[in-house]
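**Student:** Line by line, the protein sequences give chains A and B.
Per my numbering, the first sequence starts with residue 4, numbered consecutively.
Per my numbering, the second sequence starts with residue 170, numbered consecutively.
Fair warning: there could be bad hints in the mix.
Claimed, not checked - Among the chain B residues that face chain A by a calculated CB cut under 10 Å, a handful are: (1) I223; (2) Q396; (3) L448; (4) E627.
Keep in mind the hints are simulated off the structure, nothing from the lab.
Just so you know, even glycine gets a beta-carbon here, dropped at the ideal spot from N, CA and C.
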Amino acid sequence: MSTAAILMMLFAMAVLWGGLGLAIYNLTHRSSAPEEHYQRDL
Amino acid sequence: MSSQAENPTDVGAHRGAFSSRRVFILAAIGSAVGLGNVWRFPYVAYENGGGAFILPYIVALITAGLPFLLLDYALGHRNRGSAPLSFARTDRRTEGIGWWQVGICFMIAVYYAAVIAWALRYTVFSVDRSWGSDPETFLFSSFLQAGDPGVTLSVVIGVLVPLALVWIAVLVIMALGVEKGIGATAVVFIPLLILAFGALVIRALFLPGASAGLNALFSPNWSALTQTSVWAAAFGQIFFSLSVGFGIMITYSSYVGRRTDMTGSALVVGLSNSGFELLAGIGVFAALGFMAQASGVAVGEVASEGLGLAFVAFPTMINEAPAGAVIGVLFFGSLVFAGLTSLVSVIEVVISAVRDKFELTRLAATLAVGVPAAVISLVFFSTTSGVYVLDIVDHFINRFGILAAAVVSMIVLAWVARAIPGLARHMNLYGSIPLGRWWIVLVSVITPLLLAYVLVRELIEDARAPYEGYPAWMLTVFGWGSVVAVIVFGLLASRVRWRENTPLVAPDELEPLGAGEESPS
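Okay, chain A solo, but in the shape it has when bound:
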């Protein structure tokens, strides 16, 4: 693989997979409001 191709692959991985990691971290490391009671599948 050419250097440019390797760099673009790493860039895509960093942005998309790294971004996903950060998004999951943001969602899970945040105090959430208490959920209301829900009836399921009536």
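Chain A is fixed; fit chain B onto it per the hints.
**Tutor:** Here is chain B on its own, set in the frame of chain A:
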């Protein structure tokens, strides 16, 4: 149902719900990650600048994909209804757009099931490489038994049986309900999809020639960034891949607890979809690199997309690859998993709308929607002409159905109903990422303009030459006919009155969310 009338904020609970945010996110990822992620993205990226394509792709994700996903979430979550009910609760005049989306989903469901049935059959074919040395002839002559383009009622048993099995599975899932059916399917199938496709990618990366395939995919052609067609391709890819604009995300978000962080969830779903596309690109082009090397040709000569990639190029590669049967089972199994979770989401849009409008039980609504859909699907797509009808309906309903409905819905919500600021306020109650003026500008002006541009380009392209050279009557009947049919259906369905005890105001207008509470963030 009288209790609903007494306490409209319980409406969401009576419609069914996901048991947790995790199940909702998995279901939404299951909807977004479909066949297009595997067989469309890699080729679109390769054809439009290779590594350079990632830049317009990210711009499209940020400026169109995520904002539109947030809009769908906001509509469904605030109004706690199916697409038509959510639009009606936003502004009574906009209900027809919701039914337009319902019609589109019905159309998609009837042909999408056929592709899953083919993938199911090919999973079995992979074991002994039943397609032989000429997969293209096998696909069209032996398996689909396709003749010249036209319409026949000559049934292909080899397609009919797996298609019937797909519909039985889908009807069982839908009858089980939101949590036990849709939610459980996502909880099981999404991890399976990631495991199967992850194993496929690892295997493909160790094939000789894989690096040549990756080099072809990621080598940047910077001059492509000056072409508007490349930017249009990026916006089109993001739009078609995220399952936005045709009611799915509206429906799913109506099944989530009212205090859920919807903006944070949208970011996870959007990036999961794009992250999977990148994984698919790596796996597909590593495999194509091997195939090119084995055939002694350049990667560009074996690169393809859609049905050709899945049912011709991959079987050809599997013939040559060590442990090809394993690769085949993993690849076609992944298509089945990805396709089923997407099909379930598409048909749920219709079932949810019918339930809301006519107050049917889940089982009754599943049968009322699923049986006709299955019958139409079996009649049109298990025949020797099924592949042609499928190709035409797919092309037209995606471009001039989904895309047109998306543009119209954004413009109407922003400029007729003027609902965007209220939706932003709702999302900000419990969202971890505040939606400010930037989001309002994006969904009111920039995203609809960009998508309208893509739509006009597609219209011009189809006006210049008949799609794939099909006969004009087929394009008129199945292509434009489908497009017009879903619009007419939307207009007519919106004329049907809601039941008296269905409140047409958003639940949080009756019982404001967040009143007297501290924001968790």
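**Student:** Evaluate each hint against the coordinates.
**Tutor:** Hints versus structure:
1. For I223 (chain B), the shortest C-beta to C-beta distance to chain A is roughly 5 Å, which falls under 10 Å, so the interface hint holds.
2. Restraint check, Q396 (chain B) versus chain A: the minimum CB separation of about 18 Å is more than 10 Å; hint violated.
3. The interface hint given for L448 (chain B) is met, as the beta carbon of that residue sits about 9 Å from the closest beta carbon of chain A, less than 10 Å.
4. Given the 10 Å rule on beta carbons, the hint for E627 (chain B) is violated: about 26 Å separates it from the nearest Cβ of chain A.
When each numbered hint is compared with the structure, violations occur for hints 2 and 4.
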